[in-house]
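Asker: This is what each chain is made of:
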Amino acid sequence: MFPSGRRFDRVTALFMSLLAAGFVIATFDVRTAETGIADTMRSGTQSLLAPVQRGADLVISPVVSFFDGISNLAGLSDENERLRAQVSSLELRLRETSALERKVEELEAINALEPPLELASVSARVYSSGASSYDHVKYILKGVDDGIAIGQAVIDERGLIGRVDAVTASTARVRLLTDPVVSVGVRVQQTNETGVVTGLGTATLRLDMFDATTPVTEGAVVVTDGSRFPPGIVVGYVMESADAEVNFVLQTGVETAARFSKIDYVKVIVGWSPLDAEVESEPTLIEPPSFVDPRSGQQ
Amino acid sequence: MRRHKNTLIALGLVFIAIILQTTLFSQVRPFAIAPALVLLTVIASARYLEPEAALMVGFTAGIISDLVGGSSLGLWAITMTVVAFATVKLRQYEVGGVLVVAAGVFLLTFAGQLLYAIVGTLFGQGTINRPDLWKLLLFPALWNVVLAAPIFWVSTVTMRRDERRWAL
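Protein sequence lines, in the order shown, are assigned to chains A and B. Quick note on numbering: my numbering labels position 233 of the first sequence as 233, and the sequence is numbered without any gaps. Quick note on numbering: my numbering labels position 149 of the second sequence as 149, and the sequence is numbered without any gaps.
Be aware that one or more of the hints could be misleading.
[Stated by the list, open to error] Far from chain A, by Cβ distances over 10 Å, these chain B residues were calculated: (1) 4; (2) 11; (3) 51; (4) 77; (5) 103; (6) 110; (7) 119; (8) 145; (9) 150; (10) 154; (11) 157.
[As the list claims (entries may be wrong)] Derived coverage of chain A by chain B (criterion: at least 3 residues anywhere in the stretch with Cβ under 8 Å from a Cβ of chain B; other residues may be distant): (12) 10-17; (13) 134-142.
Just so you know, the hints here were simulated from the structure itself, not pulled from any lab data. All C-beta atoms, glycine included, are put in the ideal place defined by N, C-alpha and C.
Sequences are here, hints too, so could you generate the full structure?
Answerer: And the structure:
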């Protein structure tokens with residue numbers, strides 16, 4: 001295959017060297033996660049590629065949407081029928097919900113509860129994704145200049161999408177909830193018990209509840225518990241009823257609320273930090289510092 | 001001179017492939033799985049490059065894929081270097097015809113994706129435990145067989161202008 005033994009040695013040596021370099025780089029990156037030079041290189045690459053990717057996206061998106069529209073025409077009639085049925089069902093549920101809302105308002109008034117605050121958010125367009133189907137990341141056209149910071153929750157109109165895990169001045173990378181390395185603290189609304197959902201690489205997440213005393217039923221809503229993300233964001237719905245055996249973890253699947261196959265726009269929640277939850281839980285521990293006027297000596 | 005020119009052309013093709021992979025194939029994903037276009041471009045380029053240049057192009061393509069992806073740096077670099085090396089070893093057999101080329105593209109893509117899953121798991125990415133792993137291995141390999149015709153044509157036209165033949 002190679003003309004001479006010397007040549008073969010050179011190629012094999014280069015091959016082995018590159019493999020060794022790859023392993024060294026990977027080890028170095030894992031060991032220095034989110035603090036090393038690798039993240040600086042990632043940000044630099046993203047800054048360089050972003051303008052080209054945005055340009056390509058501007059050309060590609062309308063073309064893809066056009067073909068999407070054509071392929072969807074055939075299914076529109078069935079979709080209309082299905083939507084009509086859904087509207088009737090939702091109208092019925094709306095009437096039921098209105099009655100429930102009145103009850104909740106009364107209960108809130110009785111217990112002097114505050115309704116959940118409207119959190120500040122920034123809308124952003126998705127312009128790119130990772131370089132392979134193994135990657136569970138999306139890139140958005142908002143960055144530090146728009147108030148985006150690492151760790152912030154990213155949502156769409158249906159629920160939680162993921163969190164910001166890298167950011168440049170004008171772009172940010174969102175690590176999706178479906179990534180196997182992502183875990184989120186959650187609460188099952190039906191039972192009010194907490195657990196953790198972990199990505200599996202698909203639209204199904206794994207729910208582990210370590211201290212569950214009540215079974216969960218199919219369709220139960222799973223929301224964020226407020227430990228890392230703002231509380232109450234819909235994460236998904238329990239796919240299969242499950243019960244915890246004595247001393248065993250309750251484990252079941254959760255279907256994500258967000259539709260990961262088609263994410264065009266997202267919202268980044270910028271008005272909340274995990275520290276807010278800690279401050280709210282123990283407000284009395286924070287004493288305001290006393291101020292002494294050096295001229296008068298009065299407080 | 002020609003060798004260096006081909007290396008530069010190969011790097012240009014890899015750059016275009018990365019842009020298309022992260023934009024076009026972010027939206028066009030038949031059965032929710034995108035083709036492995038960058039991997040296919042490395043295979044297409046390695047057919048015409050000197051062995052050392054093919055390895056360097058594979059490694060560079062991998063590093064850039066790692067930088068724009070979400071996993072640890074170096075994983076795609078290892079994978080694409082191995083795929084480039086395997087292509088250099090196997091390219092003598094492509095004279096067997098279109099079916100041999102298609103089978104080669106399928107096997108190299110499948111093996112590359114599998115290698116990435118294994119190396120990724122070693123470095124904590126949890127890829128091999130995914131319930132849809134078979135789809136991640138099979139579909140990109142199938143899409144790459146379909147895309148091989150245009151991509152191989154482009155690589156032939158740009159890197160061997162004087163010997164234009166279909167995919168060879």
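Asker: Look at each hint and say if it fits the structure.
Answerer: Hints versus structure:
Distance check on residue 4 (chain B): its Cβ is at least 17 Å (rounded) from any Cβ of chain A, clearing the 10 Å threshold; non-interface status holds. Here residue 11 (chain B) stays apart from chain A, with its beta-carbon at least about 14 Å from theirs, past the 10 Å limit. Not every beta carbon of chain A lies more than 10 Å from that of residue 51 (chain B), the smallest distance being close to 4 Å; the non-interface claim is violated. Listed as outside the interface, residue 77 (chain B) is inconsistent with that label: its C-beta sits roughly 4 Å from the nearest C-beta of chain A, within the 10 Å cut-off.
For residue 103 (chain B), the requirement that its beta carbon stay farther than 10 Å from each beta carbon of chain A is met, with the minimum near 19 Å. No Cβ of chain A approaches the Cβ of residue 110 (chain B) within 10 Å, the least distance being about 13 Å, so the stated non-interface status holds. In this structure residue 119 (chain B) is not separated from chain A by more than 10 Å, as the shortest Cβ-Cβ distance comes to only about 8 Å. Once the 10 Å rule is applied to beta carbons, residue 145 (chain B) is consistent with being away from chain A; the minimum gap is 16 Å.
Chain A leaves residue 150 (chain B) outside its interface by the beta-carbon criterion, the shortest separation being 16 Å against a cut-off of 10 Å. At the 10 Å boundary, the C-beta of residue 154 (chain B) stays outside the reach of chain A, the nearest C-beta of that chain being 17 Å off. The claim that residue 157 (chain B) is not at the interface with chain A holds, since no C-beta of that chain comes within 10 Å of its own (minimum 21 Å). Coverage of the segment 10-17 of chain A by chain B holds. Counting CB-CB distances below 8 Å, 4 residues qualify, and the rule asks for three or more.
For the segment 134-142 of chain A, the stated coverage by chain B holds: 6 residues have a C-beta nearer than 8 Å to a C-beta of that chain, and at least 3 were required.
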